[in-house]
Amino acid sequence: MPPMLRFLIYRLLSIPLTLVIITMVLYGFVMLTPPEARATLYYSAGVDLNKMSDEEIRVLNERIINRFHLDDPFPLQYGMWAWNLLRGDWGYSAIHREKVLPALLRRSPVTVELALYSLLFFIPLGLISGVRAGARKGSPVDGRFRLAAFTAVSLPPFVMAITLMSIFYVGLHWFPPQRLGIQSTLLVRAQEFRQFSGFMTLDGFLNGRPEISLEALQHLVLPVLTVSLGYWGLLGRVTRAAVIEEQHKEHVIAARARGISERRLVWKHIFRNALTPALTSSLLSAAALFTSLFIVEIIFDFKGVSSLVVDFSMPAPDAPMLLGFSIYSVMATLILMLVLDLIMALFDPRLREGVISQ
Amino acid sequence: MRKLRRLLSHWQNLIGLGLVLFFVGVALAAPILAPLGEKWENTRFFVIPDMKEYLPMPPGERAVLGTVALSVQGRQLDVYTTLIWGTRSALVFGVTAAFLTALIGTLIGAISAFLSGGGVGESSAAGQMASHVILRVTDAFLAFPVIAAVVLFVQMVNFIKENAYLYASDGLTFSSTGINLLFERVDPVLLALILFSWMPYARMTHGMVLRIKEKEFVQASQALGAGPARVIFRHLIPNSITPAVVMATAQVGGMVLLQAALDFIGINAGSEWGSLLAIGRRWMLGLQGNPLEYWWVFLPITAALVLFGIGWNLLGDGINDWLNPRLMEQE
Chain B
1 MPPMLRFLIY RLLSIPLTLV IITMVLYGFV MLTPPEARAT LYYSAGVDLN
51 KMSDEEIRVL NERIINRFHL DDPFPLQYGM WAWNLLRGDW GYSAIHREKV
101 LPALLRRSPV TVELALYSLL FFIPLGLISG VRAGARKGSP VDGRFRLAAF
151 TAVSLPPFVM AITLMSIFYV GLHWFPPQRL GIQSTLLVRA QEFRQFSGFM
201 TLDGFLNGRP EISLEALQHL VLPVLTVSLG YWGLLGRVTR AAVIEEQHKE
251 HVIAARARGI SERRLVWKHI FRNALTPALT SSLLSAAALF TSLFIVEIIF
301 DFKGVSSLVV DFSMPAPDAP MLLGFSIYSV MATLILMLVL DLIMALFDPR
351 LREGVISQ
Chain Y
1 MRKLRRLLSH WQNLIGLGLV LFFVGVALAA PILAPLGEKW ENTRFFVIPD
51 MKEYLPMPPG ERAVLGTVAL SVQGRQLDVY TTLIWGTRSA LVFGVTAAFL
101 TALIGTLIGA ISAFLSGGGV GESSAAGQMA SHVILRVTDA FLAFPVIAAV
151 VLFVQMVNFI KENAYLYASD GLTFSSTGIN LLFERVDPVL LALILFSWMP
201 YARMTHGMVL RIKEKEFVQA SQALGAGPAR VIFRHLIPNS ITPAVVMATA
251 QVGGMVLLQA ALDFIGINAG SEWGSLLAIG RRWMLGLQGN PLEYWWVFLP
301 ITAALVLFGI GWNLLGDGIN DWLNPRLMEQ E
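Protein chains in written order, with the numbering used here: chain B, 1 to 358; chain Y, 1 to 331.
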């Protein structure tokens, strides 16, 4: 079997295992609540708690408890619940009046678009600036980089969001919040506008309305900057450290002794080897990336996945949606980790062969 | 002493230490710096009594750093008092969260490394299996975004509290169920942060302990008849704790910033700083065209937050230099 395929299969197999562990932990927490609370997870579409009296709710809950055996021990209940998840039945949110899975999926293009642009922005920038600073350690370039990276890492995303917004939106009127302006939002919702991918920056072009794509890009500038800056700093610092460490290795000294040009030395001999530790240690925190994505999404009023669970105007907590959101976030993180792993394995044969583990 | 001098020889370390000491001082001196007295209506936000105004008031006699207006009621929240007393709660929260996270993570990492066999310890198949399971669980937790956990915990607690009356069906009073007892005593945000950020510590300690286990002094201690508990607590943990201490120090700031961010986006996480920023939100991003028109609404608190984060970060770096002389010589 080719090493790349084996690597891919091994990675793919580890995803369900992770999901089983996480869902077990989640359902473990849910099991701490009384059966009546758990009953809300099994409401079917159309249940409207506002129109029901307390007595009716109680009867409904009782029926659900009997039907889904909510008094059973943990393994049986977990199995039942997990089976429902697998079939795509993630429950019904009585508050959003929508099934959980479709609601999450409908909004995920917003989040994914934001994530993609951020990744495409900070990964190349972080790697390049880290290598440049590390290769010339102690130079003015390095000093400036260290200061900038330290500032970027120290500023929390929401402070960054406030600052950027007050300068570029309130002060200069350049980059407004939200995903699109009011007019374009109406346009996009109209029948004629076909949602090909859900990514506004793409759909505008596909519908022959490039101005919508451009507007979407303009609206993406500040959120992407906010998410990226911290990660740029982190990745840049780790890359710098990896490059400095790599420079003292014997193969680099040998290559330098052979008279290889500095440029080739840095990019062919040092960068390739520094890439894996740099990306691994900074992207282990893919989950943290989603945390800052969600925070930024809310501050800039993007109606993304997180707006389903974090909402000022939400009348009451929404248990099925909360669980669905948690599982969704874990799956999104796992997919991101998988993609990044594959990219790294493409670049680094040592990972494919299992010579070094992560 | 030489170590201490080395710690203080770098100006970054000095700044870090200075900032942290400053915040600790402010937290300790809060009753002196901002006496609550009878002048203040002592709520979480320090409302100035007998004052009705719908716009934030600039710094003046009655409020040293100005006020933030609490939307409809026209109540005025004092910025200065929130800043001072917020330091205290931020410090307590950050240190508790970071310390407990580090403690749990280190213990889990040490135990899993001890069980995995080789060198000393149980090298049975069962031990290996257990170690493997612990590592898998750690990896699984790494895929869990903290914000999802916090939202889940906070909302679940609200949910249970709101629906408490529905559950009195089987004669069991509601307060006797496990989760309610737990959340009555523990802050759900703190719990969520701790439960979902111990993983890096566990992985790090696991690696460190595996290396130390091979060392002769550990084997000698075992040969002399020391039990597993003594080996773990006397030898393995003390010798592998350095990176955890460094990480925990830097994380104090991170925890507080995250708590404030959660409050800012509308999840009630209990950070005074974050809540005041959230209340003042509409004043910082109004359409006045001048972002600094109501500067006192957000500048002092934002500055405090950023400095808090920077201080602990620098202190973490400093402790790293201090405990890792090899790094200092490389510089």
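Hints are not guaranteed to be accurate.
Stated by the list, open to error - What follows is a set of in silico ranges between Cβ atoms, one per label pair, in the way DEER data are often shown:
(1) Y:G18 with B:G28: 53 to 63 angstroms
(2) B:I253 with Y:L28: 31 to 41 angstroms
(3) B:A241 with Y:K215: 43 to 53 angstroms
(4) B:A241 with Y:L28: 20 to 30 angstroms
(5) B:P124 with Y:K215: 39 to 49 angstroms
(6) Y:P31 with B:R63: 32 to 42 angstroms
What the hints assert, rightly or not - To be clear about the criterion: a stretch of chain Y counts as covered by chain B if any three or more of its residues have a C-beta under 8 angstroms from a C-beta of chain B, and this derived list gives those stretches:
(7) 210 to 221
(8) 230 to 241
(9) 309 to 315
No wet-lab data here; the hints were simulated from the structure. Positions of the beta carbon are idealized from the N, C-alpha and C atoms, including for glycine.
Verification of the supplied hints:
The beta-carbon spacing between Y:G18 and B:G28, approximately 45 angstroms, falls outside the hinted interval of 53 to 63 angstroms. B:I253 and Y:L28 have their C-beta atoms about 53 angstroms apart, which leaves the hinted 31 to 41 angstroms range violated. Between B:A241 and Y:K215 the Cβ separation comes to about 27 angstroms, which falls outside the hinted range of 43 to 53 angstroms. At about 37 angstroms, the CB distance of B:A241 to Y:L28 disagrees with the hint of 20 to 30 angstroms.
Look at B:P124 against Y:K215: about 42 angstroms separates their beta carbons, and that is inside 39 to 49 angstroms. A hinted range of 32 to 42 angstroms for the beta carbons of Y:P31 and B:R63 is inconsistent with their spacing of about 56 angstroms. Counting residues of the region 210 to 221 of chain Y whose CB lies closer than 8 angstroms to any CB of chain B gives 0, which falls below the minimum of 3, so the coverage claim is violated. Counting residues of the region 230 to 241 of chain Y whose beta carbon lies closer than 8 angstroms to any beta carbon of chain B gives 0, which falls short of the minimum of three for the stated coverage.
Counting residues of the region 309 to 315 of chain Y whose beta carbon lies closer than 8 angstroms to any beta carbon of chain B gives 3, which meets the minimum of three for the stated coverage.
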